[in-house]
Amino acid sequence: MSNEATLHSQEVIHGAHAHDHGHDDHEHHHEGGFISKYVFSLDHKTIAKQFLITGIIWAIIGAFFSVLFRLQLGFPDATFPWLESILGHWAKGGRITPEAYYALVTMHGTILVFFVLTAGLSGTFSNLLIPLQVGARDMASPLMNCMSYWAFFLASVVMMTSLFVQTGPASGGWTAYPPLSALGDASIGSKIGMDLWLISMALFVVSQLLGGLNYISTVLNMRTKGMTMTKMPLTIWSFFFTAVLGVLSFPVLLSGFILLLFDRHAGTSFYLSDLFVAGKALPNEGGSAILYQHLFWFLGHPEVYIIILPAMGMVSEILAVNSRKPIFGYLAMVGSMFAIVILAFLVWAHHMFVTGLNPFLGAFFVLLTLLIAVPSAIKVFNWLTTIWKGNLRFTPGMLFAIGFVSTFISGGLTGIWLGNSSIDIHLHDTYFVIAHFHIVMGVSAFFGTFAGVYHWFPKMFGRYLNSTLAYIHFWITLIGAYLIFWPMHYEGMAGMPRRYYDYSSWESFKQFTDLNHFISIVVIVVFAAQLLFVLNFFYSIFKGRKVTTTNPWGATTLEWTTPINPGHGNWIGEIPEVYRWPYDYSKNGKDFVPQTVPLSPDEEKEGH
Amino acid sequence: MSGYLAVFVVVLIFVVIFQIAKASEYVSILKGEKKTRQQTNRVNGFLLIAFLVLGLIGVYLCHDSLQAKIITHAASEQGKGIDDMIKTTLIITGIVFVITQILLFWFAYKYQEKEGRQAFYFPHNNKLELIWTVIPAIALTILVAFGLRHWFRITSDAPKDAMVVEITGKQFNWLIRYPGKDGQLGRKDFKNINDANNPVGQDWDDQLNKDDYMATEMHLVVNKPVKLIIGSRDVIHDVGLSHFRLKMDAVPGIPTTLWFTPTTTTAQMREMTGNADFVYEISCDQMCGAGHYSMKANIVVETQAEYDAWAAKQVAQYAVAHPAPAAAPAAPAATTPAADSAHQEKVVAVNDAKH
Numbered sequence: 001m002s003n004e005a006t007l008h009s010q011e012v013i014h015g016a017h018a019h020d021h022g023h024d025d026h027e028h029h030h031e032g033g034f035i036s037k038y039v040f041s042l043d044h045k046t047i048a049k050q051f052l053i054t055g056i057i058w059a060i061i062g063a064f065f066s067v068l069f070r071l072q073l074g075f076p077d078a079t080f081p082w083l084e085s086i087l088g089h090w091a092k093g094g095r096i097t098p099e100a101y102y103a104l105v106t107m108h109g110t111i112l113v114f115f116v117l118t119a120g121l122s123g124t125f126s127n128l129l130i131p132l133q134v135g136a137r138d139m140a141s142p143l144m145n146c147m148s149y150w151a152f153f154l155a156s157v158v159m160m161t162s163l164f165v166q167t168g169p170a171s172g173g174w175t176a177y178p179p180l181s182a183l184g185d186a187s188i189g190s191k192i193g194m195d196l197w198l199i200s201m202a203l204f205v206v207s208q209l210l211g212g213l214n215y216i217s218t219v220l221n222m223r224t225k226g227m228t229m230t231k232m233p234l235t236i237w238s239f240f241f242t243a244v245l246g247v248l249s250f251p252v253l254l255s256g257f258i259l260l261l262f263d264r265h266a267g268t269s270f271y272l273s274d275l276f277v278a279g280k281a282l283p284n285e286g287g288s289a290i291l292y293q294h295l296f297w298f299l300g301h302p303e304v305y306i307i308i309l310p311a312m313g314m315v316s317e318i319l320a321v322n323s324r325k326p327i328f329g330y331l332a333m334v335g336s337m338f339a340i341v342i343l344a345f346l347v348w349a350h351h352m353f354v355t356g357l358n359p360f361l362g363a364f365f366v367l368l369t370l371l372i373a374v375p376s377a378i379k380v381f382n383w384l385t386t387i388w389k390g391n392l393r394f395t396p397g398m399l400f401a402i403g404f405v406s407t408f409i410s411g412g413l414t415g416i417w418l419g420n421s422s423i424d425i426h427l428h429d430t431y432f433v434i435a436h437f438h439i440v441m442g443v444s445a446f447f448g449t450f451a452g453v454y455h456w457f458p459k460m461f462g463r464y465l466n467s468t469l470a471y472i473h474f475w476i477t478l479i480g481a482y483l484i485f486w487p488m489h490y491e492g493m494a495g496m497p498r499r500y501y502d503y504s505s506w507e508s509f510k511q512f513t514d515l516n517h518f519i520s521i522v523v524i525v526v527f528a529a530q531l532l533f534v535l536n537f538f539y540s541i542f543k544g545r546k547v548t549t550t551n552p553w554g555a556t557t558l559e560w561t562t563p564i565n566p567g568h569g570n571w572i573g574e575i576p577e578v579y580r581w582p583y584d585y586s587k588n589g590k591d592f593v594p595q596t597v598p599l600s601p602d603e604e605k606e607g608h
Numbered sequence: 001m002s003g004y005l006a007v008f009v010v011v012l013i014f015v016v017i018f019q020i021a022k023a024s025e026y027v028s029i030l031k032g033e034k035k036t037r038q039q040t041n042r043v044n045g046f047l048l049i050a051f052l053v054l055g056l057i058g059v060y061l062c063h064d065s066l067q068a069k070i071i072t073h074a075a076s077e078q079g080k081g082i083d084d085m086i087k088t089t090l091i092i093t094g095i096v097f098v099i100t101q102i103l104l105f106w107f108a109y110k111y112q113e114k115e116g117r118q119a120f121y122f123p124h125n126n127k128l129e130l131i132w133t134v135i136p137a138i139a140l141t142i143l144v145a146f147g148l149r150h151w152f153r154i155t156s157d158a159p160k161d162a163m164v165v166e167i168t169g170k171q172f173n174w175l176i177r178y179p180g181k182d183g184q185l186g187r188k189d190f191k192n193i194n195d196a197n198n199p200v201g202q203d204w205d206d207q208l209n210k211d212d213y214m215a216t217e218m219h220l221v222v223n224k225p226v227k228l229i230i231g232s233r234d235v236i237h238d239v240g241l242s243h244f245r246l247k248m249d250a251v252p253g254i255p256t257t258l259w260f261t262p263t264t265t266t267a268q269m270r271e272m273t274g275n276a277d278f279v280y281e282i283s284c285d286q287m288c289g290a291g292h293y294s295m296k297a298n299i300v301v302e303t304q305a306e307y308d309a310w311a312a313k314q315v316a317q318y319a320v321a322h323p324a325p326a327a328a329p330a331a332p333a334a335t336t337p338a339a340d341s342a343h344q345e346k347v348v349a350v351n352d353a354k355h
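If you read the protein sequences in the order shown, they are chains D and A. Using full-length UniProt numbering, you'd call the opening residue of the first sequence number 1 and step up by one each time. Using full-length UniProt numbering, you'd call the opening residue of the second sequence number 1 and step up by one each time.
Chain D on its own, in the form it takes in the complex (with noise of 0.2 Å):
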């Protein structure tokens, strides 16, 4: 009934059109049909490639500011006149200041984890995929949907003004922990520029919630006949999983900051306390700094699963196509989702073993933090089984979902490391804990977005990316990754801290100089084969291979029942019914069996 309505307003917007059509002049109307179809679109499809592209040129900026301090650490007694070509002060004498790499870590922070990984991927994956997937026309809110990009797009615009202010950016590291965040005679970054980061961050906390709450309500009404909820395919439920995450603690992640703009800038004291700063002692009395860190990881905790989450559904769905194998235990894989959503919201204080947390309270977040690996293991293991005695098809968007488990299974390891807090208040806040997030929730996660992407990309485009690119890509990406955050495991074991700006002066610390350097050199080499993937992927909407035929994959989701270059509103006709579950590969003799062929009489009695 809501897809009724839905196509139907569909009719109505189209009907206005023709009536445009017929009475304006011609150029007005071109103009119109441009914006309507490519800006403020409200079709699912084409937002899902405005959060993509959004993505990637936000990618490319933050992957950049990760190269420019990579420099400082690799080489902190060189110096690079073009850095003071393009960064002017920050950069005097071509060598970075502290300030502005702090500036720099910090915002490499907030872009990758915030604008890339929640907004890039969630936000392009829910959309193409949720309704292309439960078989709906569009979103439940087309309009909704749309608002929910623009408001990323504002919070963007916000956030890259950010950057060209005079005292910089905010550069107390993306968690914004307050007194520094919050007093601008701290930091030069908790000035204006700390301002537009909380502006921008609430910008996109609306557009997390809109898009969320859209995600949820067309999974749960817009279902095409016969796709129960145990018919749809995990990217479904991770997409679900991930939205009812964040509508529920992007909400607390607000307030917090809201709290923090009042102890900026209306004298409030809900963070203050006991401060002596730029020589005199404030007046603010009563607050506790710790509280923001609960309210920030309340959110932030469950952010870690936000951002893997859809990951883990796509790489189901594709370690499955290309298997030509059902994924192995369905019902586990949707159960241990769901253990990891209640859980995410049980274990936000173990980011705080060392800030005098209460011992007592404190073991209980290691119980249930370790617990979180249970459901985490389940997952790798039905990965492994999946694959195990498949008929494998190494396509690209395969090798990105293999190594999705390879680093998966790594980052995740040492998560067992650090969530046993008599572990982690040696390792906490060490380059232990940048490799292991690193490489579970940022490569991982970027090994599953570009896992979609890949496979994907045909159904958004009607093209095929180049295969050759691809494949070197994989493997740059792959080996560069371990290369990069596999030795930071030795450096954090040797205490060395995070978010310093040299380590020469540190005897504990500077035997790894050369360490720092080769790193550098890797980190190098890996941002220039993703730029190869971006020139592949623009250049491929426009030039790449056609594809033609509409199932490419030999995929039983409903996606690949809808023309090649679907228009708004996804189907021709009718919208296809669905009979079977999406895993039905190589049974009974059948390569694939579509979810929209109807059981045969031997299967009723098998009772699907």
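Everything labelled a hint here was simulated from the structure, so no lab data went into it. There is no bait here: all hints are sound.
Derived, one-sided and incomplete: chain A residues facing chain D with beta-carbon distance under 8 Å:
(1) GLY3
(2) ARG37
(3) ASN41
(4) THR100
(5) ASP249
(6) PHE278
(7) MET287
Note that CB positions come from ideal geometry on N, CA and C, so glycine has one too.
Fit chain A to the given chain D structure using the hints.
Chain A only, in chain D's frame:
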């Protein structure tokens, strides 16, 4: 000029790779989709298994070359516990790591697409799933139990005979205060802070403050428990004690504590590491502003006798703040030669300079 050259070379490489990639696409169209897929499948299958083998060798080589760079000797009793914990966790996670990575890449290699083979329809198996729910759960329970035992030991109350040292973070250095002869720290209030002679804001009306002294280095006695009282004047800092395997945040307005027992003197560490410059360093482990990376203080772990000799030379901050000669300041100041007085003023001056 060389910059432009570098950019040119990079662009050139890009163009070459791109042209090759495009050409190979044409070739693949000519050869036919199926044949191309078989070929790339073989190549990637080989690369996957090669990655596994070279990767595991790489992990070993990496360990071999970097292990020595971690100072493997934990210099506190608590740190030894943590190192044990790390070892146990390393063994368990290491086994899982090797097995799962081998399975992943081996399966990928072994089950690559072959003409005429059909995949095995294997949607679920309750027994298997139960096994790999229960085994991780047991392993994790063991780790939680070990971990919490250490955790509660580390976070327990400090022994009664522990020496007390206060350490206060400020942008961008550490202020270290000793309780002096009476063994008790005097009251302080951030409103009394005065960078000239009262950096932590001691309350001079409190008699306990009369003998408290400030130090630029933290001196600790080997094998004697020490309780740190940790605070901050401005933003959140963190007392990072990498060689002792410990750390604790310094939060303005909310004092925290951490106690440990150093087991190795600085001199012994110098001998052990063969590094004559070895020094225990306190690093700031919580992002605190532009000077975060330079926020350092040293710790000297020494014998009781060495410590006593050092402590005897320290001048109460009260005496520094109240240079009036007639008043009767705390006992040590009365017997202190002028040289030490100068030393103490230098202490505060150094702090100021850093500020």
